[in-house]
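Enquirer: Model the full assembly from the supplied sequences, consistent with the hints where possible.
2 protein chains.
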Amino acid sequence: MRIIQVDERDNVAIPTADLAPGTPMGGGLFARSYIPQGHKIAMADLREGSPVVRYGAVLGHLMQPVQAGGLISETMLRLPESPDLDGLEFGTDIVTDLPEPPVSVFEGYPVEGSPYGGTRNILGIMTTVQCVAGVLNSAVERMRKELLPLYPAVDDIVPLNHPYGCGVAIDAPDAKIPIRTLRNLLRNPNFGGELMVVGLGCEKLTVERLLEPGEISGENVIMLQDHRGYVTMTDALLEMAERKLKRLNERRRQPLPLSALCVGMQCGGSDAFSGITANPAAGYASDLLVSGGATVMFSEVTEVRDGVRQLAARCADAFVGRRLAEEMRWYDDYLRAGGVDRSANPTPGNKKGGLANIVEKAMGSIAKSGRSPVVEVLSPGERPSKRGLIYASTPAGDMVCGTCQLASGMTLQVFMTGRGTPYGLAAAPVIKVSSRSDLKDMWSDLIDVDAGVIVSGEASIREVGELLFREIVDTASGRKRPWAEKHRLHNDLCLFNPAPIT
Amino acid sequence: MRIIQVDERDNVAIPTADLAPGTPMGGGLFARSYIPQGHKIAMADLREGSPVVRYGAVLGHLMQPVQAGGLISETMLRLPESPDLDGLEFGTDIVTDLPEPPVSVFEGYPVEGSPYGGTRNILGIMTTVQCVAGVLNSAVERMRKELLPLYPAVDDIVPLNHPYGCGVAIDAPDAKIPIRTLRNLLRNPNFGGELMVVGLGCEKLTVERLLEPGEISGENVIMLQDHRGYVTMTDALLEMAERKLKRLNERRRQPLPLSALCVGMQCGGSDAFSGITANPAAGYASDLLVSGGATVMFSEVTEVRDGVRQLAARCADAFVGRRLAEEMRWYDDYLRAGGVDRSANPTPGNKKGGLANIVEKAMGSIAKSGRSPVVEVLSPGERPSKRGLIYASTPAGDMVCGTCQLASGMTLQVFMTGRGTPYGLAAAPVIKVSSRSDLKDMWSDLIDVDAGVIVSGEASIREVGELLFREIVDTASGRKRPWAEKHRLHNDLCLFNPAPIT
Chain A
0 MRIIQVDERD NVAIPTADLA PGTPMGGGLF ARSYIPQGHK IAMADLREGS
50 PVVRYGAVLG HLMQPVQAGG LISETMLRLP ESPDLDGLEF GTDIVTDLPE
100 PPVSVFEGYP VEGSPYGGTR NILGIMTTVQ CVAGVLNSAV ERMRKELLPL
150 YPAVDDIVPL NHPYGCGVAI DAPDAKIPIR TLRNLLRNPN FGGELMVVGL
200 GCEKLTVERL LEPGEISGEN VIMLQDHRGY VTMTDALLEM AERKLKRLNE
250 RRRQPLPLSA LCVGMQCGGS DAFSGITANP AAGYASDLLV SGGATVMFSE
300 VTEVRDGVRQ LAARCADAFV GRRLAEEMRW YDDYLRAGGV DRSANPTPGN
350 KKGGLANIVE KAMGSIAKSG RSPVVEVLSP GERPSKRGLI YASTPAGDMV
400 CGTCQLASGM TLQVFMTGRG TPYGLAAAPV IKVSSRSDLK DMWSDLIDVD
450 AGVIVSGEAS IREVGELLFR EIVDTASGRK RPWAEKHRLH NDLCLFNPAP
500 IT
Chain B
0 MRIIQVDERD NVAIPTADLA PGTPMGGGLF ARSYIPQGHK IAMADLREGS
50 PVVRYGAVLG HLMQPVQAGG LISETMLRLP ESPDLDGLEF GTDIVTDLPE
100 PPVSVFEGYP VEGSPYGGTR NILGIMTTVQ CVAGVLNSAV ERMRKELLPL
150 YPAVDDIVPL NHPYGCGVAI DAPDAKIPIR TLRNLLRNPN FGGELMVVGL
200 GCEKLTVERL LEPGEISGEN VIMLQDHRGY VTMTDALLEM AERKLKRLNE
250 RRRQPLPLSA LCVGMQCGGS DAFSGITANP AAGYASDLLV SGGATVMFSE
300 VTEVRDGVRQ LAARCADAFV GRRLAEEMRW YDDYLRAGGV DRSANPTPGN
350 KKGGLANIVE KAMGSIAKSG RSPVVEVLSP GERPSKRGLI YASTPAGDMV
400 CGTCQLASGM TLQVFMTGRG TPYGLAAAPV IKVSSRSDLK DMWSDLIDVD
450 AGVIVSGEAS IREVGELLFR EIVDTASGRK RPWAEKHRLH NDLCLFNPAP
500 IT
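Top to bottom, those sequences are chains A and B.
Following numbering that gives the first Met the number 0, the residues of the first sequence are numbered contiguously, the last one being 501.
Following numbering that gives the first Met the number 0, the residues of the second sequence are numbered contiguously, the last one being 501.
If you're looking for bench data, these hints aren't it; they were derived computationally from the structure.
Honestly, I wouldn't trust all of these hints.
Identical copies look the same in the list; a pair holds intra-copy or inter-copy alike.
[Claimed, not checked] Derived pair list, reagent style SDA-like, types lysine to any residue, alpha-carbon separation capped at 20 Å:
id, residue 1, residue 2
1, 385, 372
2, 144, 214
3, 485, 441
4, 144, 66
5, 485, 384
6, 144, 43
7, 485, 90
8, 144, 231
9, 144, 487
This one's a predicted model, so the numbers in the text were calculated from it and none came from an experiment.
Expert: Written out as structure tokens, the structure reads:
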């Protein structure tokens, strides 16, 4: 058992295992009560109103006094105001001494006209509207059985079903978000540049809203209302799929520079260890990738909102910084309109895992962005125009973030978890990193990399970060398949639609 | 070819087939231009500012003059204001001479503690959160292969996946809508009263928010974080499913009074014929059902909003009427907050089908409620406390309406369509009714009942209504399976969540 203090300014620490009352913690301190693994212990006598400091940041102020060795639970903390978005300072913390990556290439699939290559070779079939999902799913079932075995170089056939497309206010100001997400999603590099869109014929999300005029033809688009019934439309779907599969089957992996790789970072089911093990290790891997020329995205507005000053300082220039503030402000307003604020983010599981509030969660969450400068800020579902570390603004929900990152071009995701989730995507491999070794022991066939060894002292952040970097390159190159991919664990696409439905 | 005028007050009519310019239409009238099937023809010279009247209702006012025989397109009409919700008159049109149904029983599955019986015998597996969907889906694939054949009296195993559960503002004022929907969904009578809930363990939508305290046990609930990895959790899911399947397999259909039947009415992909063929026929079937003691729900706020006066007059009492106005007002406000109004409802397909605007769409849409008094008004996803005709308030999107009606207890849906959609639900059979015979000819293996024969004069509204009533009873009794059920066309559950996501 150890007691971990992250920053020398901290007046709290967390135990690596549950503490019985009276357990000595060194320096004359002892546990005043039962203290669960990961929960905060006061390292000094703290008065009512005292700031509680972890990661060198004020998590909140005590609403009651706590003696040294006492447990500080989430109900004792008053949440501070969100950091002001006016007057942020940009570009004051631009790091240039990033670590060198051990390798500079991966084996990927080049995609014509795309800045990124694919890590998988998938036929993605986009839908304009949920109405067609039943027919498409039953056709895909047949395609997987009858066609896929004939084209062994193709990894999978993935229907891109979603609830959008009709019964929505398609001209509402915020409708641009789901529409852009779908437009970009069908161009994810893992789909190899092949376009296949299935529509109905009377929906609001017309094909014209998804494709360029030159792309709209019988080569790429099937409208079910044009076909004479179920059997005929299914036959048409299989026929188009086979044409696409033939082309995809010709593709071969080839060595590509890391600049052709676009990796997404996300965490979910976080705990108090996420911010000191899994996320900083992912941050180190991210720095290696960025330094090698790759693009790395991190996201989740409410989980970086309280770290906006640190991120502003890392923004490459004032334009990027202003875009960051703009995205944060948009989300503040969006939450306010629904009668909530960023404090609605933490889950019961986060709290059980020792995270007192959204400030503590955010301080751990931003660690996954490493130290690289932020070169671009994207609105949800936008595609980047630069390479390097990118803040791709998205909601924090795992599936919504994953869907937005896929739209932004991410071809492989790294997912850090403390409580444990079996999350997986059909369109890109997901590498899962545990914040605690307990979780890896418990879920040995779901967790790919254990960052809990950082707590036990078996490995450093840097060592786990390097290991994770290699895992990313091996997975991107198809040499390794993460557990979620092996088990075919595919979560639904979950669109972010802040506009009304009709 | 015929020209159809619905109400004697109407100054427009619609042709049953495309009209070439110059086609004589009787009474000295001829088509002034090409007029597509179902589009409006001026039956007299109309000045700028004239009201355009169909169904005896003002659809809007002309923004330009139109000569008799001229086409009135949607761009020529100025939309009137929504009918005022203050000062509605309630209970002034209570009909008591409903037609008698030809049969008074169906063969269903009684469900203990439920006012309604099931029409199918399905194991429904509820999820607390999307995180578990990948594991559950892969387990259900095995269940269907390994277990379902052993329990032949069970129709299917259906995972109830949804995007809610985490990454949401669970205490936001409007979060009650998705939570209530999920709570009630898992109690749909087609699931036979068996409860099976799969959660993760750290999500916001805790099991306590879905189940009563006495229902929460290892008998009904599996939390994935409690299990040692993928194989173990999958085994646990199969084991629980088998216990439930054993009990479901003991059930047998038995004669139940129509009062144990809960039918949902919905239309989608509507056209100008929907309101004179499919919807009134469904309305007649609805009256037969209600008169026989059954419960019939109709929904879709924006598609009844312009008919609120007619519905208010049919509300059984002032309490029901005030609830109707309340639901309409809530939706008005919800749309306004997103920068739109009810005019955002019609689709390109509706317009292509001759529906000029939401008023015309609504006038056709409410016809599916027949003439019965409205005995209760539900908020989205609520369960009824009465039998008879119920206005179950929902958005108009097909999948969202379907999901809400399932939560409200609907065990069979009747779906009217003009443009054609292959819509289907996994949890309840859906009977599809075409508004035009063209559609039935085109989609002979998707459309179950053709109401287009009303236009050709081959059958009356009453005759098609009776036919549909018999189709409903036969389908509810398991003697018939609609096309969508035969092809296993299952649309996703689409929740209505007007609250923010975090």
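Enquirer: When no copy is named, should residue 485 and residue 384 be tagged within, between, both, or neither for a Cα gap of at most 20 Å?
Expert: neither (33 Å within a copy, 48 Å between copies)
Enquirer: At most 20 Å between alpha carbons: which applies to residue 144 and residue 487, within, between, both or neither?
Expert: This pair counts as both: shortest intra-copy Cα distance 16 Å, inter-copy 17 Å.
Enquirer: Up to 20 Å between alpha-carbons, please classify residue 485 paired with residue 441: within, between, both or neither.
Expert: within (18 Å within a copy, 42 Å between copies)
Enquirer: Tell me, please, which holds for residue 485 and residue 90 at an alpha-carbon limit of 20 Å: within, between, both or neither?
Expert: neither (42 Å within a copy, 62 Å between copies)
Enquirer: State whether the alpha carbon distance between residue 144 and residue 214 is at most 20 Å within one copy, between copies, both, or neither.
Expert: So residue 144 and residue 214 fail the 20 Å test inside a copy (29 Å) and across (40 Å) alike.
Enquirer: Evaluate residue 144 and residue 66 at a C-alpha cut-off of 20 Å and name the case that applies: within, between, both or neither.
Expert: Neither, since 65 Å and 59 Å both go past 20 Å.
Enquirer: My question is about residue 144 and residue 43: at a cut-off of 20 Å on alpha-carbon distance, are they close within one copy, between copies, both, or neither?
Expert: Classified as neither: same-chain Cα gap 65 Å, cross-chain 60 Å, threshold 20 Å.
Enquirer: Please work out whether the CA atoms of residue 144 and residue 231 approach to 20 Å or closer within one copy, between two copies, in both situations, or in neither?
Expert: within (18 Å within a copy, 28 Å between copies)
Enquirer: Regarding residue 385 and residue 372, is the shortest C-alpha distance of 20 Å or less found within a copy, between copies, in both, or in neither?
Expert: within (12 Å within a copy, 62 Å between copies)
Violated hints, listed in ascending order, are 2, 4, 5, 6, 7; each of the other numbered hints is respected by the structure.
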